[in-house]
Amino acid sequence: MNPLELAQAGPGEAFTVTFDGRPLAALSGQTVAAALWTAGVTAWRSTRGGGRPRGVFCGIGVCFDCLVTVNGRANQRACLVPVRPGDVIRTQEGPGQDDD
Amino acid sequence: MTERAHVAVVGAGPAGLAGALTAAARGVRVTLVDGADQAGGQFYRQPARALGARRPEALHHQWHTWERLRDGVDRHIAAGRISHLTDHHVWCVQRESGSFAVHALRGPAQEEGVTVRADAVLLATGGYERVLPFPGWTLPGVVTAGGAQAMLKGGLVLPGGRVVVAGTGPLLLPVATGLDAAGARVAALVESADPRALLRHAPALAAEPGKLAEGAWYAGQLLRHKVRTLSRHIVVEAHGTDRLKVVTVAALRKDGRIRPGSARRIPCDTLAVGHGMLPHTDLAETLGCTLSEADGTAVRVDDEQRTDVSGVWAAGETTGIGGAALALAEGHIAGRSIAARLHGTAPDPRSWAAAARARTRLRTFFTALEAAYAPPAGWAERLTDDTVVCRCEEVTAGAVRTAAGSLGAGDLRTVKLLTRAGMGWCQGRMCAPAVAGLTGCPLTAGRRPFARPVPLGVLAGLPDD
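Heads up: the sequence lines are chains A and B, in that order. Residue numbers are given in our numbering: position 23 of the first sequence equals residue 3, and the series is strictly consecutive. Residue numbers are given in our numbering: position 390 of the second sequence equals residue 1027, and the series is strictly consecutive.
Source of the hints: derived by calculation from the structure; they are not laboratory data. Computed from a predicted model, the values in this text were never measured in an experiment. For every residue, glycine included, the Cβ atom is placed at its ideal position computed from N, Cα and C. Honestly, I wouldn't trust all of these hints.
Here are the simulated distance ranges between beta carbons [to be verified]:
{"hint": "1", "chain 1": "A", "residue 1": "R53", "chain 2": "B", "residue 2": "R822", "range": "34 to 42 angstroms"}
{"hint": "2", "chain 1": "B", "residue 1": "H862", "chain 2": "A", "residue 2": "A19", "range": "22 to 30 angstroms"}
{"hint": "3", "chain 1": "B", "residue 1": "L1044", "chain 2": "A", "residue 2": "P75", "range": "44 to 52 angstroms"}
{"hint": "4", "chain 1": "A", "residue 1": "E(-15)", "chain 2": "B", "residue 2": "S734", "range": "51 to 59 angstroms"}
{"hint": "5", "chain 1": "A", "residue 1": "G29", "chain 2": "B", "residue 2": "A990", "range": "26 to 34 angstroms"}
{"hint": "6", "chain 1": "A", "residue 1": "P75", "chain 2": "B", "residue 2": "R641", "range": "41 to 49 angstroms"}
{"hint": "7", "chain 1": "B", "residue 1": "S720", "chain 2": "A", "residue 2": "F(-5)", "range": "27 to 35 angstroms"}
{"hint": "8", "chain 1": "B", "residue 1": "R799", "chain 2": "A", "residue 2": "R53", "range": "30 to 38 angstroms"}
So the derived list for chain B, only partly shown, Cβ under 10 angstroms to chain A, looks like this [said to hold, decoys possible]:
{"hint": "9", "residue": "R682"}
{"hint": "10", "residue": "L696"}
{"hint": "11", "residue": "H698"}
{"hint": "12", "residue": "G778"}
{"hint": "13", "residue": "A785"}
{"hint": "14", "residue": "R880"}
{"hint": "15", "residue": "L924"}
{"hint": "16", "residue": "E1030"}
{"hint": "17", "residue": "W1062"}
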């Protein structure tokens, strides 16, 4: 059993996004965090003080631990932002900086 | 007045939905403002529509109540009595002369400002999980119990394959059974409370047989799935370098100390951990609503669910943690009171007598539950000096102790100014209970001007008044 089977989900066709250049499959309706979890990725940020890895903590947008860079924009909360086809997701280093 | 009286309901969980339904049924125009893209809040959080779940109820309790609420709200929306603004994240509610301005950020990027004006406001902003720190709690793979459940309910994903659920409180039971049903291997449920503490509160708890039956059902599920339950145990440390690999658990003695020789290691890739809940009170604080004297963390309301700011009502977890059934009762009462007050009539408490009785019973029940599931004595002393307490600013327990000790800080604000604990992205929502516990400072309101980060462009675009 997996969660999709349990809820008898019929998601649309998976699409591709990249995480640090690596292609990953994602489903429409998932958040960036859910897509990364599905791919077995649990860390996508390093803290600005100790450079320690972080990922989802609160899962509901309160804690800001899951900040990530999506399509060049830093400091996006992965647990809130929906994943879209072709998204370029990158590990956020420290305070993060937008690409543009 | 040519236009119908208008209430803005902030939050589309059980309390907000009950309040919106009740007020709309009594001729009040309702704007329901919520951050999610579907109604339900955390308790009724459902899989995203695009995932096409045919059995969303598989991860839920009390689905029929949800269906009744949803259908009722849908009918009012169709009839034009309720507008539901989804994906609207409220950052501030402002009092204006005779009305209120509810400021929200729209869309997933939360960058576009929207303002809703209303004659009254119902704050139904819910709560969030309290997690007390321990060595290793910042490792990827350590998530809040509610967070694991939210990701599962909303995104149909699991954090890992082998999970330990730990901490204290009634939430741990549905989280463990949910993760198990969805295919994770729950290696252990580690609860710090002593079952005998529940017995001590037996009279108050027995007054809610339905709730006890729910607890027993979960316990039965865990037994059936052979999930090992360790009572009066805690996670002492989470181990790993870049992600969680193992947790060490140990038994507690009666005095809260660790029983020597009881430590054991449990391999796992996920730790779902929580120590109860805290109310979301940011919007109420900014409006000037008084928080309760008891612990200063919940919005104080009267019998009609009115705050002490005229025109502002509050219901659900924001007035004190008590679960979905209490939130429904409070929302219902608030909705009736709002309708009467906005129509200029005196509300009749007899019209909500049943909801008021439920409210009294459930508040008593949760007060007893909270006492039974208090975090174990001595948790703060067990924190090593190098344990990170403030996750955003990476402030350690040692730094916090120094601030309160040799530097003499006597309140959370001073600790923050000396150490930066609580000054980061989450504004102390995660670390405040820990800092309070470590320093002996009272857990006071955060006094945050904004309930979430607001782009400067949105602030600059607000009209002057």
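Hint-by-hint comparison with the structure:
no.	hint	result
1	R53(A) x R822(B): 34 to 42 angstroms	holds, 37 angstroms
2	H862(B) x A19(A): 22 to 30 angstroms	holds, 27 angstroms
3	L1044(B) x P75(A): 44 to 52 angstroms	violated, 27 angstroms
4	E(-15)(A) x S734(B): 51 to 59 angstroms	holds, 56 angstroms
5	G29(A) x A990(B): 26 to 34 angstroms	violated, 56 angstroms
6	P75(A) x R641(B): 41 to 49 angstroms	holds, 48 angstroms
7	S720(B) x F(-5)(A): 27 to 35 angstroms	holds, 33 angstroms
8	R799(B) x R53(A): 30 to 38 angstroms	holds, 34 angstroms
9	R682	holds, 9 angstroms
10	L696	holds, 7 angstroms
11	H698	violated, 15 angstroms
12	G778	holds, 5 angstroms
13	A785	holds, 7 angstroms
14	R880	holds, 6 angstroms
15	L924	violated, 20 angstroms
16	E1030	holds, 7 angstroms
17	W1062	holds, 3 angstroms
Of the numbered hints stated above, those contradicted by the structure are hints 3, 5, 11, 15, listed in ascending order.
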